[in-house]
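Order-wise, the sequence lines are chains H and B. Under this note's numbering, the first residue of the first sequence is numbered 1, with each subsequent residue one higher. Under this note's numbering, the first residue of the second sequence is numbered 1001, with each subsequent residue one higher.
Calculated directly from the structure, the hints in this document are not laboratory data. Remember, it's a predicted structure, so these values are computed and weren't measured experimentally. C-beta atoms are modelled at their ideal positions from N, C-alpha and C, and glycine is treated no differently. Some hints could be false.
[What the hints assert, rightly or not] Facing chain B, a subset of chain H residues (Cβ under 8 Å, in silico): (1) Gln101; (2) Ala104; (3) Ser188; (4) Phe195.
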Amino acid sequence: MANSGVGGGLTRRQLFERRARRRALIIASTSSLAVVLAIVLLVPLAPGWEAVKNSFFNGEVFLRTFPTLLRAFLLDMLIFAWCAPLIAIWALVIAICRDVQSPALYPLRIFATIYTDVFRGVPVILVVYLIGFGVPGLGLPRPWNSPYIWGSLALILTYSAYVAEIYRSGIESIHASQRAAAHSLGLSGADVMRFVILPQAVRRVVPANMNMLIALQKDVALLSFIGPVEIFRQAGVYKSLLANFTPYVVAAVIFLAITVPATRFADALLARQNRARS
Amino acid sequence: MARLELRNVAKGFGGVPVCRDISLTVESGDMVCLIGASGSGKSTLLRCMNLLEPIDDGAIYLDGQDISEPELDPQPIRRRIGIVFQSFNLFPHMSAAENVMLAPRRVHHRDRASLLPEIQALFDRFGLADRMQHYPDQLSGGQQQRVAIIRALAMQPEIMLFDEITSALDPQLVGEVLDVLRQLKSQGMTMVLATHEMGFAREAADKVCFLHQGVIVEEGPPEQIFDAPEAPETRAFLQAVVK
Ligand SMILES: Nc1ncnc2c1ncn2[C@@H]1O[C@H](COP(=O)(O)OP(=O)(O)OP(=O)(O)O)[C@@H](O)[C@H]1O
Ligand SMILES: [Mg+2]
């Protein structure tokens, strides 16, 4: 009782922490403000500033191109929306193939290993070019010559290689005692995987996979190189038309509006999981 | 014929012998207790008995059938021999009821509806009627361990193996788990347990085996082992434990 009652029911410790918090806040905001002021005041003094401002931060161009670019971004979202679930499934298949024990299925294991090695070793843009231009080049009839299909496939194949490795790390993180307990009940190897290991493993790697989703969201823009007029290509069109780089800045702003909250969310998930496990 | 018989069983890890020349018979309805210092090979022996570890030499017979034959599929055998571990090993992503129902559903192809009354009766019997829908992390250690026992019993095994199932529990909770063992014994379950609960072993065991460095140094009825041990290793161990 000695400590309570002081300062409106707060203990001595709580009062100290409140003072410390306030002091930290004041110092942090003062120093941040100083840096921002320095940038705002000093950068315009640079000799080329007027030119840069005109070609990158042109308000008029910004407002004029924003609605169309936002609409083009819908196409990015759409491609993302069908790629993400297919990646989740295909990666799981690859991860399971890499873990099969039966000698009869050994070829699957070799295939999965080579697959992940190859697709993690080649730059995404190369895969997009090779599949996106190569396959339609075979002279397939419509709609099978669509760059949407083959471009998406390139993203799916590449991302699945990474996500499969994430799944695998999740599978390996499940303690051997869970496997032993499941086997001791007489469950088959496939059932142990399906009902005991995978559900725990997949949950455990959700934060890691969130980061892959964010990366995928950005890499959808690579498809612009093989045809689809999504936001990056649309920005390019405007750049040529208006001889101004502001449309790219608009595109960056739109991407950031999606990826920054998503990144924060992924970090929060990860932090929560770390706390739960410690 | 003995329910379970080990004949000259040997087991090692990476060339280091852990169990050597173990011979042991377990009669139907008996409770056999394995005692011995940490690292003496109790857990390893139990894991060999339900084929979680392959043995290097010797043989294990279940109702006269050689179950240590390397060509044999271990799954049907494991269904007949239940095991409960020191660390519970419940599946954390499933409720207590789902933990218990998983193996009967997948292995015996039973459906939930027909299983439920049986499962409910088991939860009732072990005082967990109101905990069926809880997840493992919402249960106390003693409750988790009882769910693990129910999970093994739901497969209707002929033999149950218990590996120090009370050593991760607070002293107040040990009693409730030991009560479960007494109940099982009174119903005629054949059991082998590794334990540090000397009082319980003396009271409930039909046979006590003292393991020392992977060898059964001495075995016999509890009165003999605890009151008149012959081997100097047994005497030294009991003295250290009782102190
Ligand atoms: N998977 C394994 N790989 C290598 N060595 C092992 C393995 N499992 C057990 N051992 C070794 O076998 C020996 C016996 O271990 P075991 O767990 O059977 O002892 P225990 O009698 O159960 O001891 P405790 O009372 O501490 O549980 C130990 O020296 C241990 O290090
Ligand atoms: Mg042990």
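Tested hints:
1. For the restraint placing Gln101(H) at the interface with chain B, the shortest Cβ-Cβ distance is roughly 13 Å, beyond the 8 Å limit, so the hint is violated.
2. Residue-level restraint check for Ala104(H) is violated (minimum Cβ-Cβ distance to chain B is 15 Å; threshold 8 Å).
3. A cut of 8 Å between beta carbons decides the hint on Ser188(H): the least distance to chain B is about 6 Å, and the hint holds.
4. With 8 Å as the threshold, the beta carbon of Phe195(H) comes within range of chain B, its nearest partner Cβ sitting at about 6 Å, so the hint holds.
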